[in-house]
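The opening residue of the sequence shown carries number 24 in this note's numbering; numbering runs sequentially from there.
Between beta-carbon pairs, the in silico distance windows are:
no.: 1; residue 1: ARG81; residue 2: PRO186; range: 41 to 51 Å
no.: 2; residue 1: ALA27; residue 2: THR188; range: 32 to 42 Å
no.: 3; residue 1: ARG118; residue 2: ARG80; range: 16 to 26 Å
no.: 4; residue 1: ALA145; residue 2: PRO186; range: 21 to 31 Å
no.: 5; residue 1: ALA47; residue 2: ALA145; range: 21 to 31 Å
no.: 6; residue 1: ASP73; residue 2: ALA173; range: 23 to 33 Å
no.: 7; residue 1: ASN164; residue 2: GLY86; range: 32 to 42 Å
no.: 8; residue 1: ASP116; residue 2: GLN57; range: 29 to 39 Å
no.: 9; residue 1: PRO206; residue 2: GLY99; range: 36 to 46 Å
no.: 10; residue 1: GLU95; residue 2: THR185; range: 43 to 53 Å
no.: 11; residue 1: MET194; residue 2: ASP116; range: 26 to 36 Å
no.: 12; residue 1: ASP116; residue 2: ALA47; range: 19 to 29 Å
no.: 13; residue 1: ASP73; residue 2: GLU162; range: 32 to 42 Å
no.: 14; residue 1: ALA47; residue 2: THR185; range: 32 to 42 Å
Read the hints as simulated data drawn from the structure, not as lab findings. Here a beta-carbon is modelled for each residue, glycine too, at the ideal position from N, C-alpha and C.
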Amino acid sequence: MTNATRRSLHGLAELVLAGPQHRASGTIRLRVTQDGFATVAGPDLRVNADALFAGGRRVPLAGRTLRELADEAGVGIGAPEGIYADGSGAGPDDRVVLDGAGEILGAFAAGDAALRTLGGEAAPVLWPEHFDVGVSLDEVNYGVSAGDTAIDEPYAYIGPWTPRTGDFWNMSFGAGRPVREVPDIAAFFAEGRRLAAQG
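Work the whole structure out from these sequences, hints included.
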């Protein structure tokens, strides 16, 4: 996986899925699918490791710009407006790079499954701002990120709203571990939940 791949997938999520969805349906929330990610409301759009699906159409991703993909999907290119300041940094004319895309999409699928073991009423959300899938439960954020300046690869994280101390809490926001080093993400979340409850 390369930073260019992460930026491409993040750009797809933000400019081609979340932005058009927000303009049409008023939400930026996306969802993880078995092999990629998708909108939760109209327009019906889905991405996997090599294609964009728009309704019944399959549009190959490789070598295409984000603008070309949005045009073929019949949606206007652009991030959600007035919602957040950060984002992918991708532009409409960036070409999609897919080298190692399966690593990110696999991490999201594993994270989504692990998040569902926590219980609670909140379904996992793939957020287009930071490109992570997560839930909040009892004032603690749990999730899997595609990678960022904190950890430059897909990682699982636990972020208590009130900082905790101790060996488990290895990041300024709480705890983070590269997915490749976490054989059981659900167990990692469960341990973090137990320790967070201790205060």
